[in-house]
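Go by the hints and put chain D onto chain U.
There are 2 protein chains.
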Amino acid sequence: MGVILDGKKLADNIIEELRTASLKLTKKPKLAVIIVGDNPASQIYVRNKQKTAQYIGFDSLVISLENNVSEDSILEHIYILNEDKDINAILLQLPINEKFNKKRIIEAIEPIKDVDGFTSYNFGRLALGYEPFSYPCTPKGIIRLLEEYNISLEGKKAIVIGRSNIVGKPMALMLQQKNATVICANSYTKNLKELSYMADIVISAVGKPKFIDSSFIKENAVIIDVGINRVNDKLTGDVDFESVKDKASFITPVPKGVGPMTIAMLMENTLNLYNIQSRLIL
Amino acid sequence: MGVILDGKKLADNIIEELRTASLKLTKKPKLAVIIVGDNPASQIYVRNKQKTAQYIGFDSLVISLENNVSEDSILEHIYILNEDKDINAILLQLPINEKFNKKRIIEAIEPIKDVDGFTSYNFGRLALGYEPFSYPCTPKGIIRLLEEYNISLEGKKAIVIGRSNIVGKPMALMLQQKNATVICANSYTKNLKELSYMADIVISAVGKPKFIDSSFIKENAVIIDVGINRVNDKLTGDVDFESVKDKASFITPVPKGVGPMTIAMLMENTLNLYNIQSRLIL
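These protein sequence lines are chains U and D, in that order.
1 is the number of the first residue of the first sequence in my numbering; add one for each residue after it.
1 is the number of the first residue of the second sequence in my numbering; add one for each residue after it.
For reference, chain U alone in the conformation it holds in the complex (with noise of 0.2 Å):
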């Protein structure tokens, strides 16, 4: 059986080192996280951000909004904590209803409290190879879980599939930064599990349960599953883990594995903007 990527062990390390690194601060880190509307997912996870956040020793404020805020509404809340000097970090949950212009609150987040990246100056920065202010917390984080197992990108297939401004596009562009060839499919690729055979490492980010299975996978190939899907209220991947645990080198498991590195990220890129702030300021 391939080796599992345990992501929930590496995101508690980091987690630990930023509470320790935390402790050194004469002032605390602060994370806003704004949610609008009451989709249960979403609270479960604002949830485990805050608690994470204050786990860690950094402060949180949660502003929860109804769903039927104007947009005003939203984008002067996000003004406040631009101009909010002990506000280090925006985040704005996803989804939000899809009466709401998402580009145009994202992009009201000043891009140096943007704590996700998806700001189009960030977003840029990390397209055209510079660094952002903050990287995607999700693709960052299986880059970070690659490393730690020593897993190589450079000269290596990687097949992305999906294009989510969240996930795969962000994805694509560092893995490529790491100098892997990269595939990226959508759902009008044909041929996909021709193209998934070729791949060293297989990204999944479609959000259909047990989507991949063996035939898409080529014996020791590296399977990272970024699905998060709920069937009959038990999470479940993308990915068959039991079709495909044996043929595989690598395999993260879900959940435990790209879900936890999400979120350690995210405090990260708390902490980073934090101090690229602080730097400022001197």
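Derived from the structure by calculation, the hints contain no laboratory data.
Treat the hints with care, as some may be off.
It does not matter which identical chain is used: a pair holds within one copy or between any two.
Heads up, simulated DSS-like pairs for lysine-lysine below, C-alpha to C-alpha not over 27 Å straight-line [as the list claims (entries may be wrong)]: (1) 190 to 247; (2) 9 to 28; (3) 178 to 102; (4) 99 to 178; (5) 8 to 193; (6) 178 to 193; (7) 193 to 208; (8) 193 to 218; (9) 218 to 190.
Keep in mind the model is a prediction, meaning the values are calculated, not measured.
Showing chain D alone in chain U's frame:
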């Protein structure tokens, strides 16, 4: 033999259309080009851009600086152009001497005057799938040329060889937006031939003369040659035209393929920025 994708003809048509549109304007769009140093190829490119702008009826301004100019002085020129209400479009001719911080200089250009789309803000909007003020000229010209010949991209496999910020990276992002499956290859790619052989569309931007021969392409592939290599004072592309021309379904020549389209798109981008800025003033 494959159909020649006649970039020169399409570019000429676009330039004529821009000329007609330009005649109706009360004020002339104005393009500023900054050139640093005395690279002979760059000087020819700048002269061509200036001549084309004048032909269309645009105003143009060329700022020629010596290589021993200070970086701050280049930035100062950009700040003045940013503020100048008569200037609609600013272009930094590349390459510039490596002693300069290219990214800092490009970033100084106001995104709304960034005619190449190379600032983080515009590149980020492109990457995120939001409309930038300008799309980079070369990949935009290639997409336009493919559209002109009714070559569909949806569900097609395209390989982009090369990952520069000017061509390869924005090309891959734009192809993805057109629902193509994109293989992003670079100098570390292994089995390039095998990958290229799978592709319906091969886009080469590596800068090696006759790098792509018929062994790289499958029957009826579409070949886009972005290479501009000077061999014995003659322009030659990345593609061995004679070797692939009978196998390809469509192919761009060098010269008169991608090159003229790049200039035509620069002119279209200039008019587009003029129009955006005019609307903002009203």
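Here is how each hint holds up against the structure:
For the identical chains of this complex, residue 190 and residue 247 are neighbours both inside a copy (24 Å) and across copies (22 Å), given an alpha-carbon limit of 27 Å. Taking the shortest alpha-carbon separations for residue 9 and residue 28, only the intra-copy value of 25 Å comes in at or below 27 Å, while the best inter-copy value is 63 Å. Taking the closest pair of Cα atoms, residue 178 and residue 102 come within 27 Å of each other only across two copies (22 Å); inside a single copy the shortest separation is 30 Å, beyond that limit. For the homomeric pair residue 99 and residue 178, the shortest alpha-carbon distance between copies (25 Å) is at most 27 Å, but the shortest distance inside one copy (38 Å) is not.
For the homomeric pair residue 8 and residue 193, neither the shortest alpha-carbon distance inside one copy (29 Å) nor that between copies (40 Å) is at most 27 Å. Taking CA atoms no more than 27 Å apart as the test, residue 178 paired with residue 193 passes in both settings, with 24 Å inside one copy and 21 Å between copies. In this assembly of identical chains, residue 193 and residue 208 lie within 27 Å of each other by CA distance solely inside one copy; the values are 15 Å within and 33 Å between copies. In this assembly of identical chains, residue 193 and residue 218 lie within 27 Å of each other by CA distance both inside one copy and across copies; the values are 10 Å within and 20 Å between.
Both within a single protomer and between protomers do residue 218 and residue 190 lie at most 27 Å apart by alpha-carbon distance, with minima of 18 Å and 17 Å respectively.
This entry does not satisfy hint 5, going by the numbered hints stated previously; all others are met.
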